[in-house]
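Undergrad: One-letter residues, chain by chain:
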Amino acid sequence: MTGFVVLAVTLAAGTLGGFLLRARAGAFRGRDGAMDLGEPLGERATLVQFSTAFCQPCRATRRVLAEVAGMVPGVRHVEIDAESRLDLVRAHDVMRTPTVFVLDKDGTIVKKASGQPRKADVIAALALAVDSRSQQSDGM
Amino acid sequence: MQVDPRGPRFGAAVTTLVLATVLATGATWLLALQAIVFAFGAFGHPPYGLFFKRFVRPRLGPPQELEDSRPPRFAQGVGILFAVVGLIGFSLGIIPLALGATAAALLAAFLNAAFGFCLGCDMYLLIRRLQPGRNYS
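Chains B and Z are the protein sequences, given in the same order. In case it helps, this note's numbering puts the first sequence at residues 1 to 140. In case it helps, this note's numbering puts the second sequence at residues 1001 to 1137.
No lab work stands behind these hints, which were simulated from the structure alone. Please note that the accuracy of each hint is not assured.
Said to hold, decoys possible - Derived Cβ-Cβ restraints for the label pairs, each shown as a range:
| # | chain 1 | residue 1 | chain 2 | residue 2 | range |
| --- | --- | --- | --- | --- | --- |
| 1 | Z | Arg1054 | B | Ala12 | 12 to 22 Å |
| 2 | Z | Pro1063 | B | Asp36 | 39 to 49 Å |
| 3 | B | Met71 | Z | Arg1129 | 26 to 36 Å |
| 4 | Z | Thr1025 | B | Gly30 | 16 to 26 Å |
| 5 | B | Ala12 | Z | Pro1096 | 13 to 23 Å |
| 6 | Z | Ile1036 | B | Met71 | 42 to 52 Å |
| 7 | B | Gly33 | Z | Pro1062 | 38 to 48 Å |
| 8 | Z | Pro1132 | B | Arg59 | 21 to 31 Å |
| 9 | B | Ala34 | Z | Arg1128 | 20 to 30 Å |
| 10 | Z | Gln1131 | B | Asp121 | 38 to 48 Å |
| 11 | Z | Trp1029 | B | Glu39 | 25 to 35 Å |
| 12 | B | Ala124 | Z | Pro1063 | 40 to 50 Å |
| 13 | B | Ala34 | Z | Val1084 | 21 to 31 Å |
Said to hold, decoys possible - Far from chain B by the CB rule (all over 10 Å, computed), these chain Z residues:
| # | residue |
| --- | --- |
| 14 | Arg1006 |
| 15 | Ala1020 |
| 16 | Leu1023 |
| 17 | Val1085 |
| 18 | Leu1125 |
Since the model is a prediction, treat every value here as computed from it, not as a measurement. The beta carbon of each residue, even a glycine, is placed where N, CA and C say it ideally should be.
Work out the full structure: start from the sequences and follow the hints.
TA: This is how it looks when you write it as structure tokens:
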């Protein structure tokens, strides 16, 4: 009897959780701070992707980001093996792979997404990163 | 190694059915069987995957793309852990432990089958994060 209840609750939680995860996966959220990659940044913006060996959507994410970086001049795509940079993983709350950060040209974090982002969302976030700089320099 | 991604997904669906049956009936032997299936999967010979390859895939046609076999293999390893904890719970009569561990494995299998999420794969980074910082940079 208890088993049936546990079964029903688990499947209900799984269905709810699945829809929530699906809605959140790859959505870009605002994020503060700067990231010290120890690598050259893109002239205008950098797409930083954290990956691991045991990550299914990392390959598709790599393809999307490389494509966008190739499309927009001055944008660099950097893929980081999360295991080799646990300092960055901890400092920037990377809980899943892939996690994608959009940095502006100074390495300031503009957006963060965990899960595979859609191409249109990457382009929108990138526009914000490139734009935030030009607005600031306009104001000065 | 590359695999047809529908194979692990099919395996997750069968695993969901098996673990749901374990919860509904309390059939310990079935959980033991699933633990063995997880073990074969972790070593790269997933029994449900073989069934898929032989009987299901020929009816589906070729996959659109292949994927790395390491993530599903790792997840099968995580599955062993939960199945073993569940078996310990059943055999010692600690029913909350047995049902909890089985439910956790069921949740992971269900999310994989129905939504394509790999909870077991996500465990990898979470475990690595807890280990003392080793950097290779």
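Undergrad: It remains to establish, for every hint, whether it holds in the given structure.
TA: For each hint, the structure was consulted:
no., hint, in the structure
1, Arg1054(Z) <-> Ala12(B): 12 to 22 Å, "violated (34 Å)"
2, Pro1063(Z) <-> Asp36(B): 39 to 49 Å, "holds (41 Å)"
3, Met71(B) <-> Arg1129(Z): 26 to 36 Å, "holds (33 Å)"
4, Thr1025(Z) <-> Gly30(B): 16 to 26 Å, "violated (48 Å)"
5, Ala12(B) <-> Pro1096(Z): 13 to 23 Å, "holds (19 Å)"
6, Ile1036(Z) <-> Met71(B): 42 to 52 Å, "holds (49 Å)"
7, Gly33(B) <-> Pro1062(Z): 38 to 48 Å, "holds (45 Å)"
8, Pro1132(Z) <-> Arg59(B): 21 to 31 Å, "holds (29 Å)"
9, Ala34(B) <-> Arg1128(Z): 20 to 30 Å, "holds (24 Å)"
10, Gln1131(Z) <-> Asp121(B): 38 to 48 Å, "violated (32 Å)"
11, Trp1029(Z) <-> Glu39(B): 25 to 35 Å, "violated (54 Å)"
12, Ala124(B) <-> Pro1063(Z): 40 to 50 Å, "violated (31 Å)"
13, Ala34(B) <-> Val1084(Z): 21 to 31 Å, "violated (44 Å)"
14, Arg1006, "holds (13 Å)"
15, Ala1020, "violated (6 Å)"
16, Leu1023, "violated (4 Å)"
17, Val1085, "holds (15 Å)"
18, Leu1125, "violated (6 Å)"
Comparing the model with each earlier hint shows violations of hints 1, 4, 10, 11, 12, 13, 15, 16, 18; every other hint is respected.
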